[in-house]
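Protein sequences, first through last, are from chains A and B. Each residue of the first sequence is one higher than the one before, starting from 1 at the first, in the working numbering. Each residue of the second sequence is one higher than the one before, starting from 162 at the first, in the working numbering.
Careful: at least some of the hints might be erroneous.
As the list claims (entries may be wrong) - Quick look at which bits of chain B chain A covers, simulated, 3 or more residues with Cβ under 8 Å:
| # | stretch |
| --- | --- |
| 1 | 202-216 |
| 2 | 268-281 |
| 3 | 310-321 |
| 4 | 400-411 |
Read the hints as simulated data drawn from the structure, not as lab findings. Keep in mind that this is a model prediction, so the values were computed, not measured. Glycine included, every Cβ here is placed at the ideal spot set by N, Cα and C.
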Amino acid sequence: MKGKCEKCDRPATVHMTEIIGGEKIEKHLCEQCAMTAGITIKANVPISQMLEDFVLATSNAPEEAPLSCDYCGITFSEFRSKGLLGCPNDYDALERQLLPLLRRAQEGADHHVGKVPSRAGDDQARQTNILRLRAQLRDAVAAENYELAARLRDHIKEVEP
Amino acid sequence: MSLTDLTRQAGEWLRGAGAMHDVVISSRTRLARNLAGMPFLSRCTSAQQHEVEQRLRREVLDAALTREMFYVDVAAAGPLDRQLLVERHLISRQHGAAEHPRGVAVSSSETVSIMINEEDHLRLQVLRSGFELDEAFAEINRIDDRLEERLSFAFHSRYGYLTACPTNVGTGLRVSVMLHLPALKLTNTIEKVVHAAQDMHMAIRGLYGEGTEAMGDFFQLSNQTTLGKSEGQILSEFRDQIVPAIVDYERKAREGLVRQQLLAADDRIFRSLALLRSAMLISSEETMYLLSLVRLGINLGRIRDVELKTVNELFLLTQPAHLQKIHNREMDAAERAACRAAYIRQRLAP
Chain A
1 MKGKCEKCDR PATVHMTEII GGEKIEKHLC EQCAMTAGIT IKANVPISQM
51 LEDFVLATSN APEEAPLSCD YCGITFSEFR SKGLLGCPND YDALERQLLP
101 LLRRAQEGAD HHVGKVPSRA GDDQARQTNI LRLRAQLRDA VAAENYELAA
151 RLRDHIKEVE P
Chain B
162 MSLTDLTRQA GEWLRGAGAM HDVVISSRTR LARNLAGMPF LSRCTSAQQH
212 EVEQRLRREV LDAALTREMF YVDVAAAGPL DRQLLVERHL ISRQHGAAEH
262 PRGVAVSSSE TVSIMINEED HLRLQVLRSG FELDEAFAEI NRIDDRLEER
312 LSFAFHSRYG YLTACPTNVG TGLRVSVMLH LPALKLTNTI EKVVHAAQDM
362 HMAIRGLYGE GTEAMGDFFQ LSNQTTLGKS EGQILSEFRD QIVPAIVDYE
412 RKAREGLVRQ QLLAADDRIF RSLALLRSAM LISSEETMYL LSLVRLGINL
462 GRIRDVELKT VNELFLLTQP AHLQKIHNRE MDAAERAACR AAYIRQRLAP
């Protein structure tokens, strides 16, 4: 059975017949398109990669709103393309999608067990509050609302450690 | 202390001393830190980037972290000065090439360098000659503590120190050991070491870190994971397991060379020295390659009239930006090749 892939010009190597509603549908695809369609999986891909792809594919499902950070505005796909996060809050804001990647990069680990800063009592709520104020300041400057920007700047100075 | 002064000496960490210095050139510890309540660099507005640079410059210099520190405004520095800092391992190549407000504070001994606005707001680095990781870590930890008295770093109860790239999150600690492995290279057994390192989740790279090829038999070994292990665990993997094992392999390979292939090894070693002593034009790559064999010859006790320190210095001072700074003018590749050869001939004159 030869011929071209239905979706591209490469030779079709995957042939399947589906019966949907009593109707027989034949599909002829190349390896690449079959993989993309989720019909076949690539041999010799590490299991961790497959799991990650699976997790990502499910977490990218269209019914779910894409994750993004309220303060820096980064989305998970922006992070994926650049490899860099936008602000400390992203670890929480993008956590669901970030975690599988993080575990993969860190030999499966997802908890810190090392040094804790002496001022760790300087809690996250406070840190996040400053991030929020800075985001408001950035927006105020962009909107040329300098009066508000000045007030926010003073406020940040007061609360900043 | 200024940048130009740097070209008159090799850094303290290249003095060819310290434990296992026949194989381990240097030990480096690095910590990545970010200010709490501030976006990471890639999402900072330019005003925020400027604010971070100004604030950290002030705090780092005021904290009196080491006896003498000088600051280089990398954004304002010329291309040659930036390249000089890269060649001396005081800043990363990315930091040298970027465009935004940034800088580096350097101790006069060059064992401490603190990059501001690299990938993270702060990248602290301590370098030591030989295998001195524990000392390097003790020093960087002290500096980190001192800075924490003045600054609040982004920290998460679950993920530890927060970094722009999740590959650094947790301890933010990257430990690197620079190894000279000429005998493993000559005996074609280097692949085994590379695989052993990878099995232990270590990265093995070229002289200038990520994305660089190993040059002249120099390899940089560093930890890949920063989360889920304490600083002590990360250090002990290097100290107790992998580095002593690699050093042992290399030493055995060197002994094997002397025992079984002395004439062939001597031939390579003395040809290299002769070439360096008589070349009229020489490239950086060829210099690295030949110096590597001379260094092996010194460590094997075959070459007795050249000091290890001289060879270590030549590695540094024959690089493009260094040569140009020494001669205080810009030179093209051909000119540099002649200058480099002349400088080497003079330093290695019998």
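Structure-based check of each hint:
no.	hint	in the structure
1	202-216	holds (count 5)
2	268-281	violated (count 1)
3	310-321	holds (count 11)
4	400-411	violated (count 0)
Hint compliance for this structure: hints 2, 4 are broken, all remaining hints hold.
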